[in-house]
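Number of protein chains: 2
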Amino acid sequence: MTDVARPRRDSGEGTRRRAKRGPGRRPGPTATREEILNAARTMFAEKGYDATSLRSIARAAGVDPALVHHYFGNKEGVFTAAMRFPVDPTELLPRVMAAPKERIGETLVRTFLSVWEDETRRAPILALLRSAMTNERAAVTLREFLTTALLERASELRGTPKLRVNAAAGQMIGVMFLRFVLRIEPIASASTEELVELLAPTIQRYFDEPGGTDGGDKTAAPGENNGHR
Amino acid sequence: MTDVARPRRDSGEGTRRRAKRGPGRRPGPTATREEILNAARTMFAEKGYDATSLRSIARAAGVDPALVHHYFGNKEGVFTAAMRFPVDPTELLPRVMAAPKERIGETLVRTFLSVWEDETRRAPILALLRSAMTNERAAVTLREFLTTALLERASELRGTPKLRVNAAAGQMIGVMFLRFVLRIEPIASASTEELVELLAPTIQRYFDEPGGTDGGDKTAAPGENNGHR
DNA sequence: GTCTATATATAGATAGAC
DNA sequence: GTCTATCTATATATAGAC
Chain F
1 MTDVARPRRD SGEGTRRRAK RGPGRRPGPT ATREEILNAA RTMFAEKGYD ATSLRSIARA
61 AGVDPALVHH YFGNKEGVFT AAMRFPVDPT ELLPRVMAAP KERIGETLVR TFLSVWEDET
121 RRAPILALLR SAMTNERAAV TLREFLTTAL LERASELRGT PKLRVNAAAG QMIGVMFLRF
181 VLRIEPIASA STEELVELLA PTIQRYFDEP GGTDGGDKTA APGENNGHR
Chain B
1 MTDVARPRRD SGEGTRRRAK RGPGRRPGPT ATREEILNAA RTMFAEKGYD ATSLRSIARA
61 AGVDPALVHH YFGNKEGVFT AAMRFPVDPT ELLPRVMAAP KERIGETLVR TFLSVWEDET
121 RRAPILALLR SAMTNERAAV TLREFLTTAL LERASELRGT PKLRVNAAAG QMIGVMFLRF
181 VLRIEPIASA STEELVELLA PTIQRYFDEP GGTDGGDKTA APGENNGHR
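Listed in order, the protein sequences are those of chains F and B. Position 208 (the first sequence) corresponds to 208 in UniProt numbering; numbering is contiguous. Position 189 (the second sequence) corresponds to 189 in UniProt numbering; numbering is contiguous.
Calculated directly from the structure, the hints in this document are not laboratory data. We put the CB at the ideal spot given by N, CA and C, even for glycine. Worth double-checking, as some hints may not be accurate.
What follows is a list of derived Cβ distance ranges for each label pair [unchecked claim]:
1) B:L150 / F:D64: 32 to 38 Å
2) B:D64 / F:E117: 46 to 52 Å
3) F:K101 / B:R121: 37 to 43 Å
4) B:E34 / F:V140: 30 to 36 Å
5) F:K101 / B:R55: 54 to 60 Å
Think about it this way: if two alpha-carbon atoms lie no more than 30 Å apart in a straight line, the pair counts; the simulated BS3-like pairs of lysine-lysine are [what the hints assert, rightly or not]:
6) B:K101 / F:K75
7) F:K47 / F:K75
8) B:K47 / F:K75
9) B:K75 / F:K47
10) B:K75 / B:K47
11) F:K47 / B:K47
Given the sequences, and given the hints that come with them, work out the whole structure.
Structure (structure tokens):
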């Protein structure tokens, strides 16, 4: 190697990070931790787990990479801290499932959309989705959340066969994928009302007919676990 | 990981790659290129674009990393070469869309499933899906393929509004995601027949009712572009 | 609590020997 | 056509100064 090995040696002069500031703790209460988490949520949402670096999170948050490490230990620590799910199913799900029998489809679609249209709630969900595609740890996190917190409880609350709840979830997730990830038209630009018109009957049907089109489904008896796990 | 700096200096003795062999071209016709592409398809399917390295592809294919570069130039070259889509929509789609009006749902679900159940055809699709989540190049590839090769042509062939075709695609993609990526039960273990029973009526409905539940849809006239893009 | 400096690993890519 | 060796960039992680 020639002379290009270590190009910089001075500190705080040739580097123009953000505002010039001496070392040591900043004055005032520390909101830095939350800023890092917000930046991390955005980064994980955009790039997924593996492609998001601690350095890029630090850069987005305007802090030093070592500070991120200081707060959360390592990348996985940042991830699990950032991925506290932004929807509380224990509050949201019973409210949805308590809808009148014939409006369960519309209620569910509207609730689902209201969460996804909200940028601050969509980001962490997208982060989990993106990361679950390529990272086993994220896949386990998402699978467990979906299964125990949403799907199984929805099945129990309404006595709907789990397979049909899965199908309804697939419909909603698939549409969100086309709308927000691939941004395929015209569904990416459709209004909430258009989507409700389009999807509510499908969701309604999954929750309406416990036996499917010709009664061949294996069903989960309402309020009772049929031993599927 | 190597224990010290440069542990090996000789060639073909201390290294036990696969079989011992001298340098230079191997005898016989060269199937190496295809082997590399097969390995690349598997790797991209498992890890996505960014997390797949040229070195890991070479390792999986049993060749030297430099050879991968020799054939395909760079990582993007390997990707586009590996991602030649394993389903030919110009052959498959008209066959599906020519089904009897009342069996379009079942036909489409069965065809879709037959592709996804086939490991060799599922791998490259999964690769595209995974990569599209985190990589813009892959997202563009997948969006263009889905839009021009599948969705718009399906809409034209049947005169179905594009928004409804999008919804049908979302249903299928979402279910495949739950089944093959997240492996959520019970849909991950459901049989083909169960899935046809479950999903065919939904797909059928999207292709059946051009006006939606109360006629509010914007429609695409058959064989004519309504100027949505 | 926040920073600089650096150890260590691995990525994509190139040059050139055989 | 296939390989070794190496360059450059960037990743995660750690040590310790202030």
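Evaluated hints:
1. B:L150 / F:D64: 32 to 38 Å: Once the Cβ atoms are compared, 47 Å apart, the range 32 to 38 Å for F:D64 and B:L150 is violated.
2. B:D64 / F:E117: 46 to 52 Å: With Cβ atoms ~50 Å apart, the hint holds.
3. F:K101 / B:R121: 37 to 43 Å: Check passed, 41 Å falls within 37 to 43 Å.
4. B:E34 / F:V140: 30 to 36 Å: Distance hint for B:E34, F:V140 holds at roughly 34 Å.
5. F:K101 / B:R55: 54 to 60 Å: holds, 57 Å
6. B:K101 / F:K75: violated, 53 Å
7. F:K47 / F:K75: holds, 14 Å
8. B:K47 / F:K75: holds, 18 Å
9. B:K75 / F:K47: holds, 18 Å
10. B:K75 / B:K47: holds, 14 Å
11. F:K47 / B:K47: This hinted pair holds, its Cα atoms lying about 13 Å apart.
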